[in-house]
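Given next are the chains, with one letter for each unit.
There are 2 protein chains.
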Amino acid sequence: MADYRKMWSDLEMDLEKHDLLCEALPEAFGAIYMSQENRPEGMEFFNFVVAEIHGVRPAELIEHQKKGGKVFGTFCVYVPDEIIFAAGGIATGLCGGSQFWVPGGEKVLPVNTCPLIKASVGARLDGTCPFFKIADMYIGETTCDGKKKAWEILGQEVPIHVMDVPQMKGEKDILAWEDEIRLLFKKIEDLTGNKISPEALAENIKLINEKRRALARLYNTRKNSPLPISGRDVLLVTQIAFYDDPARNATMVNKLCDELDERIARGEGVFPADAPRILITGTPMAIPNWKLHYIIETSGAAVVAEELCTGTRYFENLVDENGKTLDEQIKALAERYMKTNCACFTPNTGRIDDILQLVKDYKADGVIDCNLQFCGLYSTEAYLVQQALKEAGIPYLHLETDYSEQDMEQMRTRVQAFIELIGK
Amino acid sequence: MADYRKMWSDLEMDLEKHDLLCEALPEAFGAIYMSQENRPEGMEFFNFVVAEIHGVRPAELIEHQKKGGKVFGTFCVYVPDEIIFAAGGIATGLCGGSQFWVPGGEKVLPVNTCPLIKASVGARLDGTCPFFKIADMYIGETTCDGKKKAWEILGQEVPIHVMDVPQMKGEKDILAWEDEIRLLFKKIEDLTGNKISPEALAENIKLINEKRRALARLYNTRKNSPLPISGRDVLLVTQIAFYDDPARNATMVNKLCDELDERIARGEGVFPADAPRILITGTPMAIPNWKLHYIIETSGAAVVAEELCTGTRYFENLVDENGKTLDEQIKALAERYMKTNCACFTPNTGRIDDILQLVKDYKADGVIDCNLQFCGLYSTEAYLVQQALKEAGIPYLHLETDYSEQDMEQMRTRVQAFIELIGK
Chain A
1075 MADYRKMWSD
1085 LEMDLEKHDL
1095 LCEALPEAFG
1105 AIYMSQENRP
1115 EGMEFFNFVV
1125 AEIHGVRPAE
1135 LIEHQKKGGK
1145 VFGTFCVYVP
1155 DEIIFAAGGI
1165 ATGLCGGSQF
1175 WVPGGEKVLP
1185 VNTCPLIKAS
1195 VGARLDGTCP
1205 FFKIADMYIG
1215 ETTCDGKKKA
1225 WEILGQEVPI
1235 HVMDVPQMKG
1245 EKDILAWEDE
1255 IRLLFKKIED
1265 LTGNKISPEA
1275 LAENIKLINE
1285 KRRALARLYN
1295 TRKNSPLPIS
1305 GRDVLLVTQI
1315 AFYDDPARNA
1325 TMVNKLCDEL
1335 DERIARGEGV
1345 FPADAPRILI
1355 TGTPMAIPNW
1365 KLHYIIETSG
1375 AAVVAEELCT
1385 GTRYFENLVD
1395 ENGKTLDEQI
1405 KALAERYMKT
1415 NCACFTPNTG
1425 RIDDILQLVK
1435 DYKADGVIDC
1445 NLQFCGLYST
1455 EAYLVQQALK
1465 EAGIPYLHLE
1475 TDYSEQDMEQ
1485 MRTRVQAFIE
1495 LIGK
Chain B
1075 MADYRKMWSD
1085 LEMDLEKHDL
1095 LCEALPEAFG
1105 AIYMSQENRP
1115 EGMEFFNFVV
1125 AEIHGVRPAE
1135 LIEHQKKGGK
1145 VFGTFCVYVP
1155 DEIIFAAGGI
1165 ATGLCGGSQF
1175 WVPGGEKVLP
1185 VNTCPLIKAS
1195 VGARLDGTCP
1205 FFKIADMYIG
1215 ETTCDGKKKA
1225 WEILGQEVPI
1235 HVMDVPQMKG
1245 EKDILAWEDE
1255 IRLLFKKIED
1265 LTGNKISPEA
1275 LAENIKLINE
1285 KRRALARLYN
1295 TRKNSPLPIS
1305 GRDVLLVTQI
1315 AFYDDPARNA
1325 TMVNKLCDEL
1335 DERIARGEGV
1345 FPADAPRILI
1355 TGTPMAIPNW
1365 KLHYIIETSG
1375 AAVVAEELCT
1385 GTRYFENLVD
1395 ENGKTLDEQI
1405 KALAERYMKT
1415 NCACFTPNTG
1425 RIDDILQLVK
1435 DYKADGVIDC
1445 NLQFCGLYST
1455 EAYLVQQALK
1465 EAGIPYLHLE
1475 TDYSEQDMEQ
1485 MRTRVQAFIE
1495 LIGK
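Chains A and B, in that order, give the protein sequences. Residues 1075 to 1498, numbered by my numbering, are exactly what the first sequence covers, in order. Residues 1075 to 1498, numbered by my numbering, are exactly what the second sequence covers, in order.
Because the hints were derived from the structure by calculation, they are not lab data. Check each hint, because a few of them may be wrong.
Which copy is meant is left open, so a pair is good if it fits within one copy or across any two.
[Stated by the list, open to error] Listed next, the in silico DSBU-like pairs over lysine-lysine satisfying Cα-Cα at most 35 Å (straight line): (1) Lys1260 <-> Lys1413; (2) Lys1144 <-> Lys1246; (3) Lys1297 <-> Lys1091; (4) Lys1243 <-> Lys1405; (5) Lys1413 <-> Lys1080; (6) Lys1144 <-> Lys1243.
Whenever a hint applies, use it, and build me the whole structure from the sequences.
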């Protein structure tokens, strides 16, 4: 990483501790990413973003603040970025994907909390994440018990607005979600000091849709065989989409897709055409959580799609762009976001339909359902997913893991056995 | 237990497995309860109920069904029994307090699920709980991730109606809860075939309030020193209130209170007057979970109150009895139930206020905050409870446990150290 020590120091980060992270990340990235053969050239931009992850984008956010703009840190695909950008704000993802931050979270949270939540809270409390330090406000949500309660503790440190995500998907729940979006709307207007016009919201609905279209286009290239891009590269692109400027992100993803289209036309791929094709489903994989993809793709198989928040759930379904009034637009936002099939809903049969459809669309040979430890929602729902896939005759493997490397070999053994089982 | 084998067999219970439970329970009860000295005579009724727990009340419920009545099994203090009884139905608690049922639940639920949920699901799947077998319908709720998702699995076995408990306590949440009560109302009317009149609802609001008043009266006797009754006896009475006929329950509790009033007048108690007084808070203790009370009360201290669902949360706050129309009554129900301070709400500062108030009212010398393992809600909220009590200068101990006996000695060591610390 280039020298951003002055900036980090100004942010009152813990420089010494943060240095340890800065030292470890390039090594992990090198082993997992740079070791790949025949990577698309378009990945260079994303390599650069990772290399400068706590530098370039944070510097842009600070620049934005210097001009009077506000920055909102978010944790979940349920937060409508459109509203934040329409108010002249910037929405950004926050840190939460590394074991490095877990001990910091365990100082205030129970050990039996999922590592994503512990890492998020730890990254803030330890002062080792610039995004957490920069954000003027966090937007939390009530999607799981762990996060819902963690925000109360985090809220003692920083201003946090919590969106109450419904637990069911009836008509009244969509209306309730509309109300929540209105509350956020007001909150964002208040903090930014900017009124959101229907024109600005329309423009930003299009902006975020463009980003979604680019990611959907990227995913579509993976329906081909041989695969023009590895699963871990697509995961990385998706992870970065949570942090990057949406317009630039769409441009860079589309540029990558142009290259992939050429590869497809040439029949060029990054794995043998007969490599078993794996669909991943389960809990989100925040940067730099690349563990499962790495294991799968160094065990002779390829990841063809992710039914994850850092996957299809992030970009599937567009917001209707025809709304002219704020009421129409907010309704369209509520409808789009409520289509996302998170395990926080009961029932959540739509997710099983999604998985079955993705298996078909991406010609997956098997499904690996992986949840982070202590994620009660996805680990319990796994029973129903397994049941449905068994009924459909689709090979299924359930894994539970955390951010440590201790279970790497055990996971690899199970993944390899699974790949052997589905081997064509 | 008397011979109910014919009844259990008709219920298609697993008799052999159930025999093991029937053998174990009296021994545990004897050790924990019958060993107490100078117990109030009024406890005899509750001893009898436990002795016949899978016999007498289940037989009454079956009798009710034979006359065309319906039985509703419930898991949570958020389900308004008033509506069930007003429709001529009977609400009853379900099994879920013993390690005996845990392995059955683990067949379909993640091991990292709280023992209360695993035991509930196991009791049903293993066929070792008559209440589960008798109920015509279960009323679930969305108070935690574990239960919310477990009902989807349980719902494959039995008809279950899930009430969506709000996650916040704003005005719109109380209205949303009113809507949920209306949905339940309709569901109960449909299943029972009985229309609920405002008169019947008024009568049953009074009925359940009477039960609450009786329990509140029982709790009030514990404000005295010496204590006229042990904490574990009051816990037992509260646990049984979830199963018993409400009118009989109120009568028997009041009868017990009459006796306790006499004891108070005589200055008679079950512990030395200087025994350290402990307030318990945390997750519910379903019958036969008497572990913590037993440890505390055989370590030289006394339990003076329980800020638990099997405690104050069950009976505090009455439903306004002045509603004349169904609309008024449902509104009153919604308002009363939304006053209960469950950790499923964010924020849940009301619970901390409650604990502080209870410490004062019951002259507690210290608070033991005990949650079942893998209960993310209460274990995370423990951080905030601890913070508030520290600030108020009230000794605090946090414990986490399950239904097994493996940690008994470790818990005892910690409890004894705590009692020593607060010893007067």
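My question is about Lys1260 and Lys1413: at a cut-off of 35 Å on alpha-carbon distance, are they close within one copy, between copies, both, or neither? Intra 23 Å, inter 28 Å, cutoff 35 Å: intra and inter.
Regarding Lys1144 and Lys1243, is the shortest C-alpha distance of 35 Å or less found within a copy, between copies, in both, or in neither? The answer is both: 32 Å in one copy and 29 Å across copies each meet 35 Å.
Cα distance capped at 35 Å. Does Lys1297 pair with Lys1091 within a copy, between copies, both, or neither? neither (42 Å within a copy, 52 Å between copies)
From the Cα coordinates, with 35 Å as the cut-off, is the pair Lys1144 and Lys1246 best called within, between, both, or neither? both (32 Å within a copy, 29 Å between copies)
Should Lys1243 paired with Lys1405 be assigned to within, between, both, or neither, using CA atoms and 35 Å as the limit? Both. Shortest intra-copy (15 Å) and inter-copy (24 Å) distances satisfy the 35 Å Cα cut-off.
Are the CA atoms of Lys1413 and Lys1080 at most 35 Å apart within a copy, between copies, both, or neither? For Lys1413 and Lys1080, neither the intra-copy (43 Å) nor the inter-copy (50 Å) Cα distance is at most 35 Å.
When each numbered hint is compared with the structure, violations occur for hints 3 and 5.
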